[in-house]
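2 protein chains.
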Amino acid sequence: MASTELTVAYPGREGAHSAAACDRLFPAARLVPLPTFSDVIDAVASGRVAFGVLPIESSLVGPVAETHDLLYESPLSIVAEAIIAVNHCLVGPGPVDLADVREVHSHPVALDQCRKLLALLPAAVAVAAPTTADAASIVAGLADPTIVAIASDRAAAINGLKILDGNVGDHPEAYTRFVSVAPYTRLDRRDGPWRTAFSFTTDHRPGALFHALEPLARHGVDLNLLVSRPIPSRPFNYRFDAVLGGHPLDPDISATLREMRSLTVQLRVFGSYRADHAGGVAAQSA
Amino acid sequence: MASTELTVAYPGREGAHSAAACDRLFPAARLVPLPTFSDVIDAVASGRVAFGVLPIESSLVGPVAETHDLLYESPLSIVAEAIIAVNHCLVGPGPVDLADVREVHSHPVALDQCRKLLALLPAAVAVAAPTTADAASIVAGLADPTIVAIASDRAAAINGLKILDGNVGDHPEAYTRFVSVAPYTRLDRRDGPWRTAFSFTTDHRPGALFHALEPLARHGVDLNLLVSRPIPSRPFNYRFDAVLGGHPLDPDISATLREMRSLTVQLRVFGSYRADHAGGVAAQSA
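Taken in sequence, the protein lines are chains A and B.
Using my numbering, you'd call the opening residue of the first sequence number 1 and step up by one each time.
Using my numbering, you'd call the opening residue of the second sequence number 1001 and step up by one each time.
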């Protein structure tokens, strides 16, 4: 047992999409499945594992709010991202007529991504599971052909389920973006292009967001993502979680962040990471 | 039976928070509960009901993605809003020791708003229900004191459940913003202040969002909300759903929207409505 073994925590269980993201980011690591997103954050923050991997965005349904909010509340940094193609399969213990399906188990986001399939199952109730891999495991345990899951082919294989139908998502092209988190900021700069994630709050005057974004435009910096998140203690007030193209050691980026800090109430950098273009998917500039 | 009866559809069943929003917005209407959000949209679009009411934002967990996306895809307009204080209660058929609770049923957003309570229930599994009112109904049907729900006091009363604990949300102050939708745009301008909801897409150059927001800043118009939503057919590209303070018949607002339209790829107005300050909650400017 090597004491230098690299450990990586992810939410869910074997066969989860998060596990596929771990394999891409840390091919040689020992993977540690944990029940919840906050368990993953806690395991990294306490040093029990070296890294954590969490989904942060779906190309179909948008930001994963829980990850955004846990990162904001935690002392961890984002150190890498991985974009994973999601191929939802309808899986079950054996052949079934679609009209006879009584229950479809899956993660709520996956259910939301398969609305057209669910509309074809008039007798079926959608049942929420903690992850798609949990759904596959639950359905395997019930061993009733009329109770099926939406999960990956990987989860089907691990749980001994048959693939009743492949690619059942509403959109043929669907991706989930995952981030890996660690208790330090990554400052090496080999192998770009880089992304820098940060969060800011503006004051309440008209034009406050416009003025906060001005340094980005003047320095020609890409704004790859802008997500507004509610501030729970101040109803209908928001912070913005953002991703720009570049690294804080680039002079333009350091100037941009310094100037934005002077134009905002609060600005915190979440970390920098190499953009994942492995799937051939490039994020836009806003 | 009056043929002029006003009918209003909402998602869920009697006791749902959406029903409370209907009561506020349409005190004399006949309410029509429907199973899903898209059923509500369809009922309004087909003329079977005059209005629909849907939750669009939680002050704790942010935008309701499904409502944003259904509105974007539908021909309906927003004609009113109502901000409802949410008081989550732990409800069940009878007294139970918290350590013995086996299942907590509720809507996923409500479960997400009661993380501190769930951490106190080590033996409990969280079970997702379509609405908090459905959760109360399911728990009433099971009649097992160790199976409880998070729901409103109204849902508890309707289903003959006891309130085991009141105000179990993580934050003492929590609100849900609802909108009512109709097949027409509201152009009367009595009783301000007004809000105008719209949606736009920018091209992919650096600074595109900044330049799109410039007319708002120059005309001194409040940007009350900016939510980025993914474009499913174009992974990691986004549209922005926004709310500004004012009415399109105000000269400043019509000029702002006209100028923004020339700076964006696409801009669509979702409608105008009177801001709800009934709860004493004012939205910020961004």
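Calculated from the structure, these hints are not laboratory results.
Just so it is clear, CB atoms sit at the ideal spot from N, CA and C, and this is done for glycine as well.
Some hints here could point you the wrong way.
Stated by the list, open to error - So, partial list: chain A residues that the calculated Cβ filter (under 8 Å) puts toward chain B: (1) L6; (2) A157; (3) G160; (4) Y184; (5) P230; (6) F236.
These are the hints, each one checked on the structure:
The interface hint given for A/L6 is broken, as the beta carbon of that residue sits about 29 Å from the closest beta carbon of chain B, more than 8 Å. Against a cut-off of 8 Å between C-beta atoms, the interface hint on A/A157 is violated, since the closest Cβ of chain B lies about 26 Å away. Using the Cβ-Cβ criterion of 8 Å, the hint placing A/G160 at the interface with chain B is not satisfied: the shortest such distance is roughly 24 Å. Annotation: interface hint on A/Y184 violated; nearest CB of chain B at approximately 27 Å, more than 8 Å.
Checking A/P230 against chain B by beta carbon gives a least distance of about 5 Å; that is within 8 Å, so the hint holds. At a threshold of 8 Å, the smallest CB-CB gap from A/F236 to chain B is about 4 Å, leaving the interface hint in force.
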